[in-house]
Structures are given as C-alpha cells and as structure tokens.
Amino acid sequence: MEGSRLVISLSPHIRDKDTTQKIMFTVVLALIPVWAAATYFFGFNSIRLVLLSSITAVAAEAVIMVIRRQPVTAVLDGSALVTGMLLGLSLPPSLPSWMAVLGAVVAIVVGKQVFGGLGSNPFNPALVGRAFLVASFSKAMTTWTAPFTDTVTAATPLINQNAVSYSELFFGTTAGSLGETSALAILLGGIFLFYRGVLDYRIPVGFLGSAAVLMFLFGEDPIFHLLSGSLLLGAVFMATDMVTTPITPKGRWIFGIGCGVILVLIRLWGSLPEGLTYSILLMNAATPLINRWTRPRIFGQGVKTHE
Amino acid sequence: MKTINFRGGVHPEYSKYITADLPVKVLPPPEIAIIPMVQHVGEAAEPLVKKGDQVKVGQIIGKICNTVCASVHSPVSGTVKAVEPRPTVNGHALLSVVIENDGLDAVIDMNPHPDPIQLSAAEIQKKIESAGIVGLGGAGFPAIVKINSAKDHKIDYLIINGSECEPYLTADHRVMAEYTSEVILGAKLLAKASGAEKIIIAVEENKPECIAKLTEAAGSSAIEVVKVVTKYPAGSEKQLIKAVCNREVPSNGLPYQVGVLVHNVGTAWAVAQACQKGRPLIERVVTVSGDIIKEPGNFLVRLGTPFKTVIQAAGGFTAEPAKVLAGGPMMGLAQYNLDVPVVKTVTGILAFSQKEVKQYDPMPCIKCGRCVEVCPAHLMPVRIELFAINGMWDEARDYGAMDCIECGCCTYICPSKRGLFHWIKLAKSKIAKV
Numbered sequence: 001m002e003g004s005r006l007v008i009s010l011s012p013h014i015r016d017k018d019t020t021q022k023i024m025f026t027v028v029l030a031l032i033p034v035w036a037a038a039t040y041f042f043g044f045n046s047i048r049l050v051l052l053s054s055i056t057a058v059a060a061e062a063v064i065m066v067i068r069r070q071p072v073t074a075v076l077d078g079s080a081l082v083t084g085m086l087l088g089l090s091l092p093p094s095l096p097s098w099m100a101v102l103g104a105v106v107a108i109v110v111g112k113q114v115f116g117g118l119g120s121n122p123f124n125p126a127l128v129g130r131a132f133l134v135a136s137f138s139k140a141m142t143t144w145t146a147p148f149t150d151t152v153t154a155a156t157p158l159i160n161q162n163a164v165s166y167s168e169l170f171f172g173t174t175a176g177s178l179g180e181t182s183a184l185a186i187l188l189g190g191i192f193l194f195y196r197g198v199l200d201y202r203i204p205v206g207f208l209g210s211a212a213v214l215m216f217l218f219g220e221d222p223i224f225h226l227l228s229g230s231l232l233l234g235a236v237f238m239a240t241d242m243v244t245t246p247i248t249p250k251g252r253w254i255f256g257i258g259c260g261v262i263l264v265l266i267r268l269w270g271s272l273p274e275g276l277t278y279s280i281l282l283m284n285a286a287t288p289l290i291n292r293w294t295r296p297r298i299f300g301q302g303v304k305t306h307e
Numbered sequence: 001m002k003t004i005n006f007r008g009g010v011h012p013e014y015s016k017y018i019t020a021d022l023p024v025k026v027l028p029p030p031e032i033a034i035i036p037m038v039q040h041v042g043e044a045a046e047p048l049v050k051k052g053d054q055v056k057v058g059q060i061i062g063k064i065c066n067t068v069c070a071s072v073h074s075p076v077s078g079t080v081k082a083v084e085p086r087p088t089v090n091g092h093a094l095l096s097v098v099i100e101n102d103g104l105d106a107v108i109d110m111n112p113h114p115d116p117i118q119l120s121a122a123e124i125q126k127k128i129e130s131a132g133i134v135g136l137g138g139a140g141f142p143a144i145v146k147i148n149s150a151k152d153h154k155i156d157y158l159i160i161n162g163s164e165c166e167p168y169l170t171a172d173h174r175v176m177a178e179y180t181s182e183v184i185l186g187a188k189l190l191a192k193a194s195g196a197e198k199i200i201i202a203v204e205e206n207k208p209e210c211i212a213k214l215t216e217a218a219g220s221s222a223i224e225v226v227k228v229v230t231k232y233p234a235g236s237e238k239q240l241i242k243a244v245c246n247r248e249v250p251s252n253g254l255p256y257q258v259g260v261l262v263h264n265v266g267t268a269w270a271v272a273q274a275c276q277k278g279r280p281l282i283e284r285v286v287t288v289s290g291d292i293i294k295e296p297g298n299f300l301v302r303l304g305t306p307f308k309t310v311i312q313a314a315g316g317f318t319a320e321p322a323k324v325l326a327g328g329p330m331m332g333l334a335q336y337n338l339d340v341p342v343v344k345t346v347t348g349i350l351a352f353s354q355k356e357v358k359q360y361d362p363m364p365c366i367k368c369g370r371c372v373e374v375c376p377a378h379l380m381p382v383r384i385e386l387f388a389i390n391g392m393w394d395e396a397r398d399y400g401a402m403d404c405i406e407c408g409c410c411t412y413i414c415p416s417k418r419g420l421f422h423w424i425k426l427a428k429s430k431i432a433k434v
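Line by line, the protein sequences give chains B and L. Residues in the first sequence are numbered from 1 upward in steps of one, following my numbering. Residues in the second sequence are numbered from 1 upward in steps of one, following my numbering.
Heads up, none of these hints are tricks.
Quick list of in silico lysine-lysine cross-link-like pairs, BS3-like style, CA-CA up to 25 Å: (1) L:213 <-> L:192; (2) L:358 <-> B:22; (3) B:17 <-> L:425; (4) B:17 <-> L:417; (5) L:308 <-> L:294; (6) L:2 <-> L:198; (7) B:304 <-> L:154; (8) B:304 <-> L:151; (9) B:304 <-> L:198; (10) B:22 <-> L:355; (11) L:198 <-> L:151; (12) L:355 <-> B:17; (13) B:22 <-> L:417; (14) L:358 <-> B:17; (15) L:2 <-> L:227; (16) L:63 <-> L:151.
FRET-style restraints, in silico, Cβ to Cβ: (17) L:5 <-> B:269: 42 to 52 Å; (18) B:76 <-> L:1: 48 to 58 Å; (19) B:5 <-> L:431: 27 to 37 Å; (20) L:355 <-> B:216: 50 to 60 Å; (21) L:398 <-> B:72: 34 to 44 Å; (22) L:356 <-> B:72: 25 to 35 Å.
No wet-lab data here; the hints were simulated from the structure. Every value quoted in this text rests on a predicted model; they were computed, and no experiment measured them. Where is the CB? At the ideal position from N, CA and C, for every residue including glycine.
Same shape as in the complex, but just chain B (with noise of 0.2 Å):
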C-alpha cells in the first residue's frame, strides 16, 4: 500500500495504440499488392530490384547510424525499408543491380541522412534516389521491357498514346517502372492505407483531382493520364509521405493540388514523359511555406465577444 515506487508523470496518463513503426510497416504491407503484380508481370527482375534496394537502403542506414553514433536499433522503425522498396518499384525492369545499388544508398544517405535522419529530410527520399538515376543514367532509367519478357523493350503508354487499352492500363499489362502498371495494386494498396487511417485523403484526391481536371481543359483524356505513368503510385504512396508534406488539413489540400498542377504542365509542355518526381519534389521544397500560410485560426482568436 505504500505509494513509494508509484509512477509520477505528466497527464496524459495514456496513449494511443498507433506508433510510428507500425505506420512505416503498415506502409510496407501496402505495397505487397503492387510488388506482387510487379512480379507477375515483371518476373525476377521485380524481386531482384526491389529487394536489392531494400536490403541496401536498410544497410545504408544502418552504417550512417553507427558512423552518427545513434542506437543501430533505429532501422527498425521500418522508415528505410520503405524508401527502398518505394525506390525498387520506381525502377525500370531491366535496370542493371548496381544501380539500384547506388540510388538506394543515394536515397538514404543524400536523402535522409544528411538531414538528421527520420523525420528531418525536407524530400523524399525514394525520389531523391530516383532522380539521381533519371539524371546520371538517363537511357538505363527510360528503357523498359514489355511485361511477360525480360529482353523485349518497349515504349509506356505515355509515349505511344494509342496502343493501350483502359482495362490493360487498369490492370497493368502494359510497359513501365515495376510498380506503377498495376492501377488495381495501387488502389487496393491505398485502400488499406487509407483504412487503417495512415493516408491522408487531402493529398491523392487533390493531386488526381487536379491532374484529371486540367487534363480535360487541355483537351486531353483524362482516365488516361490518371491510368499511365506512375501518377497513382505516386499520388497514393510517394505523395502521401508524411514527413515531407504539409501537417495542416488545408495545406494538404494545397500540396496535393499542386502536385497534379506541376504534372500537367511537365507531362504536356515539358522534355520528360512523366513529371511525377519532380512535382512531388518541388511541391516538397514549398512544403515549409505552406505550413507557414495554413496555421490553423486558434480557437478564440479574432472572434468578438457577445455584446
């Protein structure tokens, strides 16, 4: 009965079950489905790349934990698996091992670490990491295979409009980067997310929003932009990241909108097929920006009183 080994510490006394190794590893979970269909469609390079680039990004941090003298431990949090599977299934195919290699120790180490790490990095960093490899090897990084081969190569639908059907794109029987065929994956993918509370809808609903209805008023098929490319994967899972993008509602609304505006106008006027990384990239730079201009109104401040 005597209160000398009793607990003393602030209120709240109690928490929420949700922590953030289970956000990072429900992430995880959610990008089974689009690995599962990269890998039925892609075969063994869908596993050797995305495992690749997971098993290198987790060792990158981990080597950049020991030389910042921090607990090793800290790869648990699964933050890193995610950036290296996200990364592998951004990947081309046929691209060869050692590259894949090289843009997931980019993406953590360039990307994540020299920030301080989880939490501190102002972009993504699986886009980080791709866009190093769209840069230094531009022809590995646009060369794609057809589905069902490993050698035939083949344009994406965003090159060769014509020759795909909806229901190809929608299922994913078409060239591409490994995970971003599949709209179906990816939808059941954000679904889950989405579900278990960890997507924020603001951001997809924004980005596709704005993406298809610009799409439209330049005369484009909107069904088709949303389908192709790797707009979906990366509105639902490189958009969606929570430490890079704005924590107000309102400025959720404003990264996403943004996101499909810089797409549209790479994907119709600029030299790149795809705009997806470098919209979510530049919308990631004006992300301090937006949490500045969208501070919630405090409850009680500029409100008059009753008489």
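Keeping the supplied structure of chain B fixed, place chain L upon it in accordance with the hints.
Leaving out everything else, chain L in the frame of chain B:
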C-alpha cells in the same frame, strides 16, 4: 435528438463500463479528516480553527479571504489535531486542518429551506458562497466567482455540463442517474442566481440512461437536454459552448463574454443540497477504478478522507500499484503518496498495475499532423513543442501556447510517443513568468 459535434478530440478506450452501472455507495466519515485550505482555483481560505478546537459537521473552518476563493467546512465532528501543511493531490504540501473524528457525526444547524426555488437570486448566491461550492468537474473554479463575474452581463444560456469525457470516470454519470431531481433543481437555482434565460443540459451520447432520466425529470419546464458526441474532451468548457451554442469564447476570455455560463452536473447537485438542506460542500461522488482495484465503484466520500481509506473501501489493490491517479487518465494527477485527502476537485481515484503503465522513448517526429488534427484549441502542437525544446518562448507564444487547454490529446495521439503537452506546459509556465 441530434448529436452535437465539435472539432478535434480523440477516442481513447472509455473503460466506463466497469463502474457506470454501479450505484453510489456511501462511505462512512474518516477517522482522521485532512482538510486543505485550497481545494479550488484561487487563494487559500483562512483557517478559523486552531489545535484543540471542537468542530461539528458542516461548520465553517476556512473563510474566504480574497475575491477568488471558496470557504471550507468540516466534514466530520471532532477535535482539531493540527493546522499544518500536509501533502495534497497537486504534489504540494498545503496548509490543512486535521480533524480527529469523534464518531458522533454531530451536525451544525443547517437551516434547510422547503422550497428553495422561492429564494431570491441574492439569497441563492449567498447560499452558494457560504456553502463553499466550487466546480466539481475537476477544475474547481469557485461557483460564486463565476456567477459574480457575469453580474453585469446578459446570460442567454446556462449549460449544465454532463459530458463526463474522461475515461473510467462515472461519478457525474451516477449523479445524473441517481440525483436527477437535485441536478434539475440545482440547474434552476443556478439559472436564477445568474439570471440565465435558458437551461441546457449537455450529456455525452454514451449515457442514454442519464439523458432519458434528465429529460423525464425536466418534464415540461424550459430545460433542454442535448446529446453531445462521445469524444474526449467533449466536457471542456469552451469546446462545449461552441458545440452547443455555436458561440466561441474569445482567447483569454471567459464564457460570460458570449452570454453563456457552464456548471458541472455535480456542481448543480451541490447547489441543490446547499439551498434545500443548507448543507455545505463536505462530500462528493468519487469513482474508484483501474485494473487493480478489487471492487471498483462509485462512492459518496466525505472530503478529507485519505485516498488509502477510499481504496480500502473499494476492496484494496489486487496487485502492486504502479500508478495512482487523482482524476481521469487524460488530465489526472499522478500521486506519490496515498495519504493525500479527497478534495473538492477529485473526480476519481484510479490505480493501475505495471502492465498498464507504459513508459515510452520518444522517436523523431514524422510530421504526421495528427496532433494538429486532434487539437480542440486548433493549435499546431508539434510547432510549439519544437519552439519549447529550443527555448524559443516568443515563437511558442505566437503559435498560441497560452491557448492550450491542457487536454493532452496531442501527446495521446502522437505515434512517435513524444511528450508534446509536456513541452507546451513548460512553454506556458515560461511565458507566464515573462
């Protein structure tokens, strides 16, 4: 009946089922009563007794000595053993009157009134003041000060707060369910005392029993019972006013500025007791619960009863306690000493085993924005936390640290288990000192 919602808030496991249906048990007066002179927000009352004095139940032993203060009465009859600082629930040792119960329960002449609704506003105010009534919802603001502050203002609504949103606690629930007619009477008396035009009783929708009983007891009178969403902190005063009346109390302001006063259901009950029976505030309903309480329940406890005694009345502990709280798990105060007495602001006593008392190592913030989403004061807790960690008090104030209502939702929801509220509270104390 429409359910009224408000922005922000969280859904912790309520765990109210443990005690919600258990009738209030009356606890015998304690052998030794410890009566702190501060059981409320404001200045300490001035002791009127000294060692060796004889006192009776209901006798005033601490008098008001400041504008924000409440008188204190003896809950037992007996001999004053000491007037000295004793440990209290807030962690400080406060000047207390220690009374040894003589077991006679001799009561002072309480001056009851058969039909208190006939009393004038000034008479009701006098009774509320002399009964030492403070807000029984946990904050402990002297009721008479609240009424007086609104004197020169038109009060459209009196909200009687039955939104007991803290998990585990069912004291207000039982007050509404068992002392229904007294709550209604207290509400009418409070409305008369403060000149309020309309009475609204706001109850969380997870207490249908209370809603039904109150609606029935209100009958054809002008009292409206409304249903508030089951969400923490539905019982927070300013959030409740916004939800019920769609009026927003200005930052730093008080409810009367928007023509509203809010009193807890327990306070209404205490007002009815004071006016009808002439009984000062010397007891309150306390929920005793938690995973290691043998027989959880709701108890009518005389103020000044040590926690230890109340816990024993609930069957004691079934295992070694790791944490004992005064109040609920979201805003309650952790105790290190079980000799502290039950005071006017103690809504519950909760005891938890090691299994329930988790301590977390904070991880880096991943900017998930959940704290922003749940903050009922519409703050950005994550930003204030960062400013506080870096000692940037001006920026913390600029981001509204002083508007924090201390509900703890930010810390509760944080997936990285960061002590957001901890830092915001530090910022508040630093800013207040400047």
